[in-house]
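J.: Listed here are the chains, written in short residue letters.
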Amino acid sequence: MTIQIPYAAALAAIASGSAPPVRSDDLPVETLLARFHPDHGPRARVPLRIGANAGDACHPELARLLESNALIDDLDLARATPLATDVLVIGGGGAGAAAAVTAARQGARVIIAGKLRIGDSNTVMAEGGIQAAVGAEDSLQRHFDDTVRGGHGRGEHMLIAQMVRDAPDVIRWLIDLGMAFDLSQDKALGQTLVRKRAGGTTAARILCHRDFTGLEMMRVLREAVELQGGIEQFMRCPAVELLSHEDGSCAGAVLYDLERRSFLLVRANAVVLATGGSGRLHLQGFPTSNHYGATADGLVLAYRLGARMRDLDSFQYHPTGVAWPRHLAGGLISEAARSAGAVLLNGLGERFVDELQPRDVVAAAILRECAEQRGIMRDGETGVFLDVRGALAARPDLLERDLVSLGHLAAKCGLDPRTEPFLIYPTLHYQNGGIEIDGDGATAVPGLFCAGEVTGGIHGRNRLMGNALLDIISFGRRAGARAAEARPPHAPGRGGLSHVHRWRRELARAGLPADLRAPQLYPTYGNFALRRGTTDRGNP
Amino acid sequence: MRETVHLTIDGCEVAADPTQSILQAYARSGAELTANVGCLGQGVCGSCRCLIRKDQERQVSTALACETRVEAGMQVSFIDHFLPAHVHRYDLSDIRDSWGLLGQIRAVFPEAAYCRHCSGCDRACPKGLPVQSGVASAVAGDLAAAAAVFDPCVMCNLCTLACPENIRPNHLGLFVRRAIAALTLRPVDLMRRLRDIETGAMTVEGPQPATASGEPAEG
Ligand SMILES: Cc1cc2nc3c(=O)[nH]c(=O)nc-3n(C[C@H](O)[C@H](O)[C@H](O)COP(=O)(O)OP(=O)(O)OC[C@H]3O[C@@H](n4cnc5c(N)ncnc54)[C@H](O)[C@@H]3O)c2cc1C
Ligand code: SF4
Ligand code: SF4
Ligand code: FES
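Protein chains in written order, with the working numbering: chain A, 1 to 540; chain B, 1001 to 1219.
Note that these hints are calculated values from the structure, not bench results. Don't take each hint at face value.
Simulated pairs of lysine-lysine, DSBU-like, Cα-Cα distance not exceeding 35 Å [unchecked claim]:
#1 Lys412/A with Lys1054/B
#2 Lys187/A with Lys1127/B
#3 Lys1127/B with Lys1054/B
#4 Lys1127/B with Lys412/A
With the hints as constraints, model all of the structure from the sequences given.
T.: Below you can see the structure in the form of structure tokens.
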């Protein structure tokens, strides 16, 4: 392990409280990323061997899951309880809820299935806010340009243009559902929205509800799903496999009912897959900010059925995860802190990066400080300081209004942010890549739609703060609307596992093991086995 | 070498590092964890509800297991989630006449007027919200005060479980908050931008070079 500067010495270095010195050994951004970002380096990618993306780069730990065997067999299907619906939504986060409400309002019968409760998701955890270009000095064009540039030019222009154009209407839709946004001026019919800046944006464009925007969004969406006629909820029922027709199109999904320990076979005219991200895979041993259910299930299911993926070797490491105390490691300190003026300091008390650069740049800069032994060590945990003291001195009311969650977190860490800095380290935060979609969330597989973090292409290879909450509602609504229009297949058939049989032949041909099974469903420390009392673990 | 504390979680003896939360200790004990967990530490999803009896104490309290540290001799049991038999149904889009809002609240949540001030909800709330006073404000028509009380609510439903009058305080609070937003939030900057887009006055063209707008390139 690299040697770092002890906590006490680092504290002493910043004790004076005067403006911190700035390091001047900046590396060109490309060099910084290449040398220090976890997406680079020898453990970051392998080529996929089978499936629609054979030959493409993928993170090795994700590749292991994508190239695995299904959890279930024809026998399980025969025993499953059959159900039928128009639209099956898989995943109860923001994207899934938006799709379900939209589809039901169009008159479709909807089943929404989730492996935890509806709302136990990454969505509810979002703090900072949601982007929409509503400022007078701002424009859709600037939102577009920032998003393209933030994604290192690799995002899909058509999807981005559509999303930024959707953004103001997304906010209106959320308000109509009853979601509140902070106002900077609150006079009758002259209100304006609070707009915050985020790293990588050229205008203040983040709209928020205090610093728990995701909680506000999710509790409103959850209530909307609950009260919407035509939606049936199946919670604690993870999707364990999709169903296919003989022609390869999607016919529904198999759920595993955890209460009854039995399978449900749900046939649907269209499936909307909205299972979110993969932080709980803890790639390269990183801690994560993600909720418990973020185990890449949707990617595994869609890939096996033939959907195309992209950028599976690109992840976002949020610069400011908690490093100390250990039991909170990985928890997020929102970018809102840096927007409000918090600075990053190394063990020598120096600033080493412009805090409002894009996240990958800031994360790489922090990893560099630690690699070059200018990090800070406290009780065995390594990181750098996030110092909010100056910002709080300038605006003492920040903790009451704009940084409420930060205050709570400080209390949990047992420190006073007015006098003491946080120790932080990058945390695995967001899956940039995912399933390829068109503007309606349609995939290469007929009948299979996707929305939210499970998709790829919108954020290129790096996402700007606030663009994920926008993406999930913009595409969630569109996917829900299109899925509701889907008609029953011409040659009905019951739907089965023909794609799994094909997949098993491919596995064998490529010499890949048949005993590795996925989706994983729960993190390794969840101690879950789909089949109790056998060695056939869901999570090998 | 760190010390170890012993406690009981859902009937299982668990040995844990005292810096851990109840939820972390439970997962590390080897128990199967597929429910009563969501955000795992942030304390925002409200799924990890539990009853706690501390060593030597008779009093049982409610808490969020991801936010509460383990203690020696603690007895913990999770409170499973269920879909309640009785739900207060409403459709926000039916309340287009904001003059009638007070009547709507009464119509949808008739039980709220019969709050018996037992404080069960206040005691149950793991976030320490003054739930009872929030209910009273809603009934009295002080909607801003009611909205403020429930603003930080994580919808764990513990107050709903605790309420003998079936008031479902958190859902009442959310109803008030949703109605206020849907009926009164009309930001002009948003309205202007929606018009710009509707009339075609503002569009997106394809990517512009980063320097064209005079902004520094992001790198
Ligand atoms: C701590 C944190 C802070 C963030 N802050 C911001 C922010 O300020 N602004 C912003 O724009 N973005 C932010 N993000 C990112 C953003 O919140 C997410 O990308 C977005 O909410 C994802 O929404 P989703 O609906 O696609 O997935 P989720 O909200 O994660 O929902 C996916 C759902 O699917 C369920 N699921 C998974 N697998 C299965 C299965 N096999 N069967 C059934 N259900 C399944 C999951 O349990 C979950 O309920 C943040 C993320 C985190 C973690
Ligand atoms: S008000 Fe009720 S639902 Fe909200 S946090 Fe408190 S107990 Fe939970
Ligand atoms: S628990 Fe119900 S009856 Fe008792 S004080 Fe709270 S709202 Fe009133
Ligand atoms: S796990 Fe989300 S509140 Fe405890």
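J.: With reference to the structure, classify each hint as holding or not holding.
T.: We went through each hint and held it up to the structure:
| no. | hint | verdict |
| --- | --- | --- |
| 1 | Lys412/A with Lys1054/B | holds, 20 Å |
| 2 | Lys187/A with Lys1127/B | holds, 31 Å |
| 3 | Lys1127/B with Lys1054/B | holds, 19 Å |
| 4 | Lys1127/B with Lys412/A | holds, 13 Å |
Every hint, counting from the list given before, is met by this structure.
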